[in-house]
Structure formats: C-alpha cells, structure tokens
Amino acid sequence: MAVESLKCKECGESYPLEARFVCEQCFGPLEVAYDFSGLDPGEARRKIQAGSRGIWRYSDFLPFESRPADPLEPGLTPLVRADRLAERLGLGELWIKNDAANPTHSFKDRVVAVAIAKAQELGFETVACASTGNLANAVAAKAAAVGLDSYVFVPADLEEQKLLATGIYGTKLVGIRGTYDDVNRLCTELSQTHPWAFVNVNLRPYYSEGSKTLAFETIEQLGWKVPDRVVAPIASGSMFTKVAKGMRDWIELGLVEGELPTFCGAQALGCSPVATAFAEGTDVCKPERRPDTIAKSLAIGDPADGPYAIELARDTGGVIESVTDDEIREGIRLLAETTGVFTETAGGVTVGVLTKLAESGAIGSDERVVAYITGEGLKTLDANREAFRMHEIEPSLDAFEAEFGTAGVSA
Amino acid sequence: MSVTVKIPAQLRAATGGEGELEVEGSTVGEALDAVFDQHDGLRERITQDGDLRRFVNVYVSGEDIRFQDGLDTAVSEGDEVTILPAVAGG
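Those sequence lines, one after another, are chains A and B.
Position in the first sequence counted from 1, then plus 1156, gives you the numbering used here.
Position in the second sequence counted from 1, then plus 33, gives you the numbering used here.
Since the hints were made in silico from the structure, they are not lab data.
Hints may be right or wrong, so weigh each one.
[What the hints assert, rightly or not] Straight-line Cα separation of at most 30 Å, BS3-like style, residue types lysine-lysine; simulated pairs:
| # | chain 1 | residue 1 | chain 2 | residue 2 |
| --- | --- | --- | --- | --- |
| 1 | A | Lys1381 | A | Lys1512 |
| 2 | A | Lys1163 | A | Lys1203 |
| 3 | A | Lys1442 | A | Lys1163 |
| 4 | B | Lys39 | A | Lys1328 |
| 5 | A | Lys1328 | A | Lys1165 |
| 6 | A | Lys1163 | A | Lys1512 |
| 7 | B | Lys39 | A | Lys1381 |
| 8 | A | Lys1165 | B | Lys39 |
| 9 | A | Lys1512 | B | Lys39 |
[Stated by the list, open to error] Partial list, derived from the structure: chain A residues whose beta carbon lies under 7 Å from chain B:
| # | residue |
| --- | --- |
| 10 | Val1178 |
| 11 | Glu1187 |
| 12 | Ala1189 |
| 13 | Tyr1190 |
| 14 | Asn1340 |
| 15 | Gln1348 |
| 16 | Pro1351 |
| 17 | Val1357 |
| 18 | Gly1426 |
| 19 | Thr1438 |
| 20 | Arg1445 |
| 21 | Ala1460 |
| 22 | Thr1562 |
[As the list claims (entries may be wrong)] Label-pair restraints from in silico Cβ distances:
| # | chain 1 | residue 1 | chain 2 | residue 2 | range |
| --- | --- | --- | --- | --- | --- |
| 23 | A | Arg1445 | B | Arg45 | 45 to 53 Å |
| 24 | B | Gly74 | A | Ser1170 | 47 to 55 Å |
| 25 | A | Pro1351 | B | Gly49 | 35 to 43 Å |
| 26 | A | Pro1234 | B | Asp105 | 50 to 58 Å |
| 27 | A | Arg1541 | B | Gly95 | 30 to 38 Å |
Computed from a prediction, not measured in an experiment: that's the story for all the values here.
Note that beta-carbon positions come from the ideal geometry of N, C-alpha and C, so glycine has one too.
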C-alpha cells in the first residue's frame, strides 16, 4: 500500500511524484494515484484510531511514504450536532463540521500541511501561493513554523483581518491590484520561472489531497458512518470534489459501509460561475470577470475544478446553489444564534444554501446532513457590523432598569 | 501582424524547448495556427475539434480571451499571446 504516481484526470497519463500539476499531453489536471491493494480495512481503522490527534492519523491515505513531521498539525476539528439549527430549518439530523478550529482558523491548514510537507520532501526552500485570504494565513504560518521562506500573493483589497493574519508571520505579502484570477495567472506565470513550491499551482495535486481529511474525520466522528447529504462551499471546487474522493475511497476500500452522499455546493451570487453552469445544464463554467460579493474567500471567477464539481453534484442527485450577500449575512447570524459557531462569509454562504434547500423541501426529514463551515467569523468582521446593537448604559441599576425594565428580577 | 506567443514549460517538449515564438496573425486563432504550423505536436495538446481544450487558458497582453472574442480576438503588432494551464488556484 503506497502512494504511486501522479495521474491525469482527463487522459490517464502517469507522471512521477514531482512538483508538477498539468498533463503534458492534454493539459488536464494531475491527481495523486495510490496502490491500496492488500489493505486490510479493520487494520487500517485501528491504525487511524491509534494515530495522532490531527490529519496525520490519515497519513496512509495521503501522498507520503511515511508520516511527515509537523509542528503545527491541523485537523480533528469538532463535528457538532446542531439540533437547534435543525429545528429552525425543519431538518432531522444536522451536523456542523467546524473547520474554523484549525491553527490559522480555516480548512486551508489541511491542504497547506500536505503541500508544505511535500515541498520539504522535494527540497524546496521557498513556498508561495495565490490566495483569497485563508490560504495566505495558512501558508505564512506553516512556512514560519517549519522555517521556509514564503511569498504570499493576494488581491490587494482583501479584508484587513486576513492581511494582518498573514503579514504577522513574517512572510513576503504581495497585494496584487486585481482580482483573484489575476493573482492566480501571475502565480502560474511565476511558477514557470521561479524554483518555488506554489502550494496551489505546481504542488496542487498534493495540496488538494489534504481536503480528503475532512471526509475521513466526518466519517470517523459519525461513528464510522457516511452522511446522507453534504453541503459545502465552492470556490475552485477542489475541496468539494476532494471531500467526495475521500468518502468514495473509504467506501470502496471497505473502511466504511454506505453510499456516496448527495453533494450540494454553495456559491455567492456575486461570483457564481459553477452554480450558473449547473443551472444551465452545462459543465463549461463561464468565468466571472468582476466578482462582486462579501464572500471574498469564494471569489474565484475562473474555478479550476468547476466541471468536476458540477459532475459530482449531478451524479449524486445534488445541486449547486447561490445566495445573495444579505442571505450570507443572515446565514452567519443564524449559525451563530443557533450553534454558537461564528463563521466567516464563506460559512454564511453554506448556511444560506442549506437554508434555501431546507425551505424548498429538497432535504428529507430522515436525512443525516453535514454542513462544512470552513472559516472563522473574526476574519470577516465587516460583514456583520449591523447584525446587532449594543446597549450602552451608565453603571447604575436605574440605568439598567431604564433600558431593560424589570426583566429577570425574581419576585 | 507579428506577435509573440509564450509557451508554458509543460508544452515545451513539443517546441524543442522554445518558450517564445514569433509568428504572424491578425487574431489569436491565426497566431496559434501559425504556431501549430511550426510545431504540429502542439495542436492536439491544446485544442480539440478546433476549440481550445477546457483546461487551457489564453491571454492577450494579460487579458483572458474568453472576456474578448475567444480565438477571434484581434491581436496588434507586438502583442504577447500567453498560453497557461487553467488548473491552478483555489
């Protein structure tokens, strides 16, 4: 049992396990291939359960010969049963995977852990990325933790919190005057000339494997069961499709019984190329030139895995939906008020779409639903400044009573 | 119209290692055809049934041709036409 090669998702051509991401025959994306022959599912489960308290407990299913050292291990984030939210939405069994509970407060710590471990194995001295913010935090922090140089490229108009939580780690933070897709193009060009490990360009096949750990954890935390439905955000579509890959792999290998869940994707209306293509019945995602949404972490106008995300939603009977900025704000508030989890705008997108699906009656009352909350509310503070008002009063009983009456007074 | 077509590293096996080609053409499509005339192996790598493959992006002076007229996008003397893989990012 071992990681075997890189393989083109389009034409099947194989390549050695190097820093490469594109098939030279057809330009398709490369993906890590494994040889799991001889795997004993019971033994694999026991090994996982005896493993570390993070993503490296799944290292047999990640692209390494042996478990890498990691001073900032992400993963094993809470999967919380959200009965109050389920009740509000009229759902039966709802779980929130709170992936804000990672070292830099988003799911990106998972993919970066895998990519940077691979960068170290391949001998790179500098790591880099094209980011909408969360990835920037994760790369800067992990590079600092392991002692690598880093360059982090972001759109210059990102949320202040995300810029600050990147720059503090001592990275070279480069703000590009343009959209995320401009940043991405520049990084793709730089990857041609600089001997750097761009985690989501030339190391992308490894990087994306990290998202499978979201699937593995969900299954383990549900008591070795597969959910009936997944609701998750889509930016490039990489995480969305890799959660499915993780679940499919474990079902096929016999680590868990069941079928692949219904996969529902969530986008912001102001940047919804995948949802639009899904609605139009095509798998060609017309790129969004000028994304305009408060969900900046999902504002990818030209989503690399869009076609695969659409295929996944269709094949599993799911949908890809979008929500307005107001619905995103409402989603953030609803999640906070019913679960105690404060998410960033991307989580508001997920909860907004979950709400929409619940209201449309698309979700059966007997379904076990898992919604993926991928980032932390403190990173996008501007989104909810108007969500509440503070009662500011003088420090006196009279002032309190003037504001609240005799609420709470016992007779 | 003489334009420069920039070839990504992943395709240079088909151009004998060349990363930049000077060709004539008045549209992106014509410029690419001129490139294919010089290096036939490139045609099937980046096109399929006369269209660009779905994981190929082409830019004229930094601007994605899908926001212009696709392969019919006009090019001017000295423009740079850049071919890049589309599977990055996210």
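Here's how the hints hold up against the structure:
1. Taken as a hint, the A/Lys1381 and A/Lys1512 pair is honoured in the structure, with Cα atoms around 26 Å apart against an allowance of 30 Å.
2. Among the hinted pairs, A/Lys1163 with A/Lys1203 is consistent with the structure: their alpha-carbon atoms are about 27 Å apart, no more than 30 Å.
3. As the CA atoms of A/Lys1442 and A/Lys1163 are separated by approximately 26 Å, the hinted pair is consistent with the 30 Å bound.
4. For the proposed pair B/Lys39 and A/Lys1328, the alpha carbon gap of about 28 Å is at most 30 Å, so the pair holds.
5. As the CA atoms of A/Lys1328 and A/Lys1165 are separated by approximately 33 Å, the hinted pair breaks the 30 Å bound.
6. Taking the CA atoms of A/Lys1163 and A/Lys1512, the gap is near 37 Å; set against the 30 Å cutoff, the hint is violated.
7. For the hint linking B/Lys39 to A/Lys1381, the alpha-carbon distance of about 50 Å lies beyond 30 Å, and the restraint is violated.
8. Pair hint A/Lys1165 plus B/Lys39 holds up; C-alpha atoms about 25 Å apart against a cutoff of 30 Å.
9. Note on A/Lys1512 and B/Lys39: the hinted pairing is violated, with a Cα-Cα distance of about 46 Å set against a maximum of 30 Å.
10. The restraint placing A/Val1178 at the interface with chain B holds, with a minimum CB-CB distance near 4 Å, inside the 7 Å limit.
11. A distance limit of 7 Å between C-beta atoms decides the matter here; for A/Glu1187 the minimum to chain B is near 10 Å, and the interface restraint is violated.
12. For A/Ala1189, the interface hint is violated, the least distance from its beta-carbon to any beta-carbon of chain B being 16 Å, above 7 Å.
13. Against a cut-off of 7 Å between C-beta atoms, the interface hint on A/Tyr1190 is violated, since the closest Cβ of chain B lies about 20 Å away.
14. For A/Asn1340, the interface hint holds, since its Cβ comes within 7 Å of a Cβ in chain B; the closest pair sits about 4 Å apart.
15. The interface hint given for A/Gln1348 is met, as the beta carbon of that residue sits about 5 Å from the closest beta carbon of chain B, less than 7 Å.
16. At its closest, the beta carbon of A/Pro1351 sits 12 Å from a beta carbon of chain B; the interface hint therefore is violated under the 7 Å criterion.
17. The beta carbon of A/Val1357 comes within 4 Å of a beta carbon in chain B, closer than 7 Å, and the hint placing it at the interface holds.
18. Taking 7 Å as the C-beta contact cut-off toward chain B, the hint placing A/Gly1426 at the interface is violated, the least distance being around 17 Å.
19. Hint status for A/Thr1438 relative to chain B: violated, with the closest Cβ pair at about 11 Å, above 7 Å.
20. The beta carbon of A/Arg1445 is positioned within 7 Å of a beta carbon in chain B (closest approach about 5 Å), and the interface hint is therefore held.
21. Interface restraint check for A/Ala1460: the shortest CB-CB distance to chain B comes to about 5 Å, inside 7 Å, so the restraint holds.
22. The beta carbon of A/Thr1562 comes no nearer than 55 Å to any beta carbon in chain B, farther than 7 Å, and the hint placing it at the interface is violated.
23. Distance hint check for A/Arg1445 and B/Arg45: the Cβ-Cβ separation is about 30 Å, which falls outside the suggested range of 45 to 53 Å.
24. For B/Gly74 paired with A/Ser1170, a C-beta distance near 19 Å fails the hint of 47 to 55 Å.
25. Separation of A/Pro1351 from B/Gly49 is about 23 Å and departs from the stated range, judged on CB atoms against 35 to 43 Å.
26. Under the hint 50 to 58 Å, the C-beta atoms of A/Pro1234 and B/Asp105, about 53 Å apart, fit the expected range.
27. Checking the proposed 30 to 38 Å range against A/Arg1541 and B/Gly95 shows it holds: the Cβ atoms sit about 36 Å from each other.
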